[in-house]
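Student: Okay, here's what each chain looks like letter by letter:
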Amino acid sequence: MKLKESENFVVLGLFLGAVGLLSALVLALVSDLTAPEIEKAELRSKSAALKQLKFPEFDNDPTVEKHIFDGVTFMAVRRGGKLVGIAAEAETDSGYAGKIKELVGFKTDGTILAVLITEEKETPGLGKNVCERKFKKTIFNFLKPAPKGLPANEILDQFSDKKADGKIDWRVKKDGGDFTFRTGATVTSRAVTEMTGKAAKTFAKHREEILAKFAEKAPEVTK
Amino acid sequence: MKKYLGDIIRGIWKENPVLVLLLGTCPTLALTTSASNGVGMGMATTFVLVGSNLVVSLIAGIVPKKIRIPVYIVVIATFVTVVDLLMKAYAPPALYAALGIFIPLIVVNCIVLGRAEAFASKNGPLRSICDGLGMGLGFTLTLTLLGMLREFLSSGAVFGVKVITAWETDFLLPAAAPGAFIIVGVILGVRNHFRRTAAIRAGKLYVPPSEIDCDNCRICKIDKED
Numbered sequence: 001m002k003l004k005e006s007e008n009f010v011v012l013g014l015f016l017g018a019v020g021l022l023s024a025l026v027l028a029l030v031s032d033l034t035a036p037e038i039e040k041a042e043l044r045s046k047s048a049a050l051k052q053l054k055f056p057e058f059d060n061d062p063t064v065e066k067h068i069f070d071g072v073t074f075m076a077v078r079r080g081g082k083l084v085g086i087a088a089e090a091e092t093d094s095g096y097a098g099k100i101k102e103l104v105g106f107k108t109d110g111t112i113l114a115v116l117i118t119e120e121k122e123t124p125g126l127g128k129n130v131c132e133r134k135f136k137k138t139i140f141n142f143l144k145p146a147p148k149g150l151p152a153n154e155i156l157d158q159f160s161d162k163k164a165d166g167k168i169d170w171r172v173k174k175d176g177g178d179f180t181f182r183t184g185a186t187v188t189s190r191a192v193t194e195m196t197g198k199a200a201k202t203f204a205k206h207r208e209e210i211l212a213k214f215a216e217k218a219p220e221v222t223k
Numbered sequence: 001m002k003k004y005l006g007d008i009i010r011g012i013w014k015e016n017p018v019l020v021l022l023l024g025t026c027p028t029l030a031l032t033t034s035a036s037n038g039v040g041m042g043m044a045t046t047f048v049l050v051g052s053n054l055v056v057s058l059i060a061g062i063v064p065k066k067i068r069i070p071v072y073i074v075v076i077a078t079f080v081t082v083v084d085l086l087m088k089a090y091a092p093p094a095l096y097a098a099l100g101i102f103i104p105l106i107v108v109n110c111i112v113l114g115r116a117e118a119f120a121s122k123n124g125p126l127r128s129i130c131d132g133l134g135m136g137l138g139f140t141l142t143l144t145l146l147g148m149l150r151e152f153l154s155s156g157a158v159f160g161v162k163v164i165t166a167w168e169t170d171f172l173l174p175a176a177a178p179g180a181f182i183i184v185g186v187i188l189g190v191r192n193h194f195r196r197t198a199a200i201r202a203g204k205l206y207v208p209p210s211e212i213d214c215d216n217c218r219i220c221k222i223d224k225e226d
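So the protein lines, in turn, are chains A and B.
Take the first sequence: its letters are residues 1 to 223, numbered as in our numbering.
Take the second sequence: its letters are residues 1 to 226, numbered as in our numbering.
Mixed in with the good hints, there may be bad ones.
[Stated by the list, open to error] BS3-like mimics (lysine-lysine), calculated; alpha carbons at most 27 angstroms apart, straight line:
#1 A/K162 to A/K134
#2 B/K3 to A/K2
#3 A/K4 to B/K2
[To be verified] Facing chain B, according to a computed beta carbon distance under 7 angstroms, are these residues of chain A, among others:
#4 S6
#5 V19
#6 G20
#7 T34
#8 A41
#9 G125
#10 R133
#11 K137
#12 I139
#13 L143
Simulated from the structure, these hints should not be mistaken for lab results.
For clarity, every value in this text was computed on a predicted model and none was experimentally measured.
Even for Gly, the Cβ is constructed at its ideal location relative to N, Cα and C.
The task is simple: from the sequences and hints, build the whole structure.
Tutor: What follows is the structure in structure tokens.
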């Protein structure tokens, strides 16, 4: 009762300090317990995304082996140790609502297999439609399992089979480039197109170096 | 037993945090763009409410009056961080991506501090848990309802399932913040109408809360002489 009515600032300060210390202990404990799970969850979502990129079948974990060129992270995709493709992770700050991150799957000759947006905060209904690859559920099919493979997206699909060989203008048509954009979401379309172009051009520019680096023996995976 | 049940029911209907107490409007308006977002945010808030109510009711007896608010905030912030870490580890990535930036905001959600101060600090642990559960459920149900309405009006879908398949293009107003204000307003109006007719039928005079009573509002009369 005495403590409850206390106005002695030393007592008050000590009490608050003790509460803070207790909560810090609880948080340290929880953080320690969840840290491995969080890491696993992040890796899981990344490798799930990598599996969708239309690579030929692969059996390594591409997130282990990576090299960065001009801000684009390249990862080796292998089957039985042999290089079957390159995954690239690029990001841009010129989205309508901040950062957009994407994964691009390349054949070893630089042709794009598929593009997948992994992180964005665009406006629902506008910019989100440019970034989202989602199987459309309706009342007629929501009980059926979603079809396998990568859901279509007309903006992202136009990058497939393209290659940065100097013939393609990696800009949206509004800016004089080769790619269609979504009306009402020009900023997002532009950001995605230019980011993909940058990834493709970086790959074309450093292709020899990247292949040479990945041609060296794959690092032993220690688990 | 009846007392505990009453504590739960009260939060869901009679003192619904969003529709009656009008607390926690920020997450209500910002997050309910889809029904599943509403469920996720509601459940996270419920967990924090129950946890903080329990701890506050246990320590209320020894916390010095002068520093009770900072102590409660530390307790709440601890629970919110725990929820954040747990969601990061176990929740579906899509849900965390949508709610992630709003989870830290539960700390300053007035529902949580409000219940700690108004209820948990004056009642025992069991009743406080029931109160937290009731308030949390009320919050979750309202957010889900709002999310369903907004998702349906903007894209013809409920929980991601398109009900009206002919709607190809999204209608953006209900998905944006202004639409949320309008829909919350309509729900409040409907609720008040029902309470009023019920009160008249029972022969009682219904007095709406002064903040939402038209007689007390000056907006329409602003340029008229008094």
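Student: Against this structure, judge whether each hint is valid.
Tutor: A quick look at each hint next to the structure:
1. A/K162 to A/K134: holds, 22 angstroms
2. B/K3 to A/K2: violated, 31 angstroms
3. A/K4 to B/K2: violated, 32 angstroms
4. S6: Status holds, d = 5 angstroms.
5. V19: holds, 5 angstroms
6. G20: holds, 6 angstroms
7. T34: holds, 4 angstroms
8. A41: OK, holds: A/A41 within 7 angstroms of chain B, min 6 angstroms.
9. G125: holds, 4 angstroms
10. R133: violated, 12 angstroms
11. K137: holds, 5 angstroms
12. I139: holds, 5 angstroms
13. L143: violated, 10 angstroms
The earlier numbered hints that this structure contradicts are 2, 3, 10 and 13.
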